[in-house]
Amino acid sequence: MGNGTGALRSCPLFLNTTREIQMSRIVELSAPQFARFVAKGSSVVMFSASWCKPCKEMKPVFIALEEKLHSLADFGKIDIAVSPTIAQMYSIRSVPSLAVFHEGRLLKVFAESKSVSALKKAIITELEDAS
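Residue numbers (the numbering used here): 1 to 131.
Simulated from the structure, these hints should not be mistaken for laboratory data.
Errors might be hidden in some of the hints.
Simulated pairs of lysine-lysine, DSSO-like, Cα-Cα distance not exceeding 30 Å [what the hints assert, rightly or not]:
1. 121 x 59
2. 56 x 114
3. 40 x 108
4. 59 x 120
5. 53 x 108
6. 120 x 53
7. 121 x 40
8. 40 x 68
9. 68 x 56
10. 68 x 120
11. 59 x 40
12. 53 x 68
13. 56 x 108
14. 59 x 114
15. 114 x 68
16. 120 x 108
17. 108 x 68
Label pairs and their calculated CB-CB ranges [unchecked claim]:
18. 51 x 71: 28 to 34 Å
19. 36 x 70: 28 to 34 Å
20. 125 x 85: 27 to 33 Å
21. 128 x 53: 32 to 38 Å
22. 31 x 117: 31 to 37 Å
23. 50 x 128: 30 to 36 Å
24. 118 x 25: 19 to 25 Å
25. 57 x 105: 26 to 32 Å
26. 31 x 121: 18 to 24 Å
27. 39 x 129: 17 to 23 Å
28. 50 x 121: 14 to 20 Å
29. 64 x 111: 16 to 22 Å
30. 93 x 56: 18 to 24 Å
31. 128 x 25: 19 to 25 Å
Quick reminder that beta carbons are idealized off the backbone N, C-alpha and C, glycines included.
Produce the complete structure using the sequences and hints provided.
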């Protein structure tokens with residue numbers, strides 16, 4: 001479900017091994033890429049920051065979500081320190097936050113910690129309601 005965002009770049013926050021790099025479809029987004037990425041289809045974006053310890057702890061959860069839901073949505077990550085205007089535009093006040101989009105429209109932001117299964121269920125519900 002590519003969104004035409006150009007070449008994928010590895011994301012050092014999420015990708016530590018060659019195997020993970022080859023298997024991951026998580027796109028590291030810049031501010032100029034963001035609107036195009038969320039405009040088509042469904043997407044889940046993690047708002048994070050390189051200095052954020054909870055963001056690093058969220059890494060395995062986000063990777064697991066991408067592995068389970070990649071057929072339903074594209075997955076991306078944006079660093080709020082590098083692209084603060086995007087976070088402000090969507091009223092992201094804490095990191096990590098997961099934002100669910102459908103055709104450019106923000107459906108839901110998850111800022112609280114949840115398990116993979118709870119987030120998976122909540123994301124699926126949001127996407128089904130949007131369709």
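So, going through the hints one by one against the coordinates:
| no. | hint | in the structure |
| --- | --- | --- |
| 1 | 121 x 59 | holds (18 Å) |
| 2 | 56 x 114 | holds (15 Å) |
| 3 | 40 x 108 | holds (17 Å) |
| 4 | 59 x 120 | holds (15 Å) |
| 5 | 53 x 108 | holds (23 Å) |
| 6 | 120 x 53 | holds (22 Å) |
| 7 | 121 x 40 | holds (22 Å) |
| 8 | 40 x 68 | holds (20 Å) |
| 9 | 68 x 56 | holds (20 Å) |
| 10 | 68 x 120 | holds (8 Å) |
| 11 | 59 x 40 | holds (25 Å) |
| 12 | 53 x 68 | holds (24 Å) |
| 13 | 56 x 108 | holds (22 Å) |
| 14 | 59 x 114 | holds (13 Å) |
| 15 | 114 x 68 | holds (15 Å) |
| 16 | 120 x 108 | holds (13 Å) |
| 17 | 108 x 68 | holds (19 Å) |
| 18 | 51 x 71: 28 to 34 Å | holds (33 Å) |
| 19 | 36 x 70: 28 to 34 Å | violated (19 Å) |
| 20 | 125 x 85: 27 to 33 Å | holds (29 Å) |
| 21 | 128 x 53: 32 to 38 Å | holds (33 Å) |
| 22 | 31 x 117: 31 to 37 Å | holds (32 Å) |
| 23 | 50 x 128: 30 to 36 Å | holds (34 Å) |
| 24 | 118 x 25: 19 to 25 Å | holds (22 Å) |
| 25 | 57 x 105: 26 to 32 Å | holds (29 Å) |
| 26 | 31 x 121: 18 to 24 Å | violated (31 Å) |
| 27 | 39 x 129: 17 to 23 Å | holds (19 Å) |
| 28 | 50 x 121: 14 to 20 Å | violated (30 Å) |
| 29 | 64 x 111: 16 to 22 Å | holds (18 Å) |
| 30 | 93 x 56: 18 to 24 Å | holds (19 Å) |
| 31 | 128 x 25: 19 to 25 Å | holds (21 Å) |
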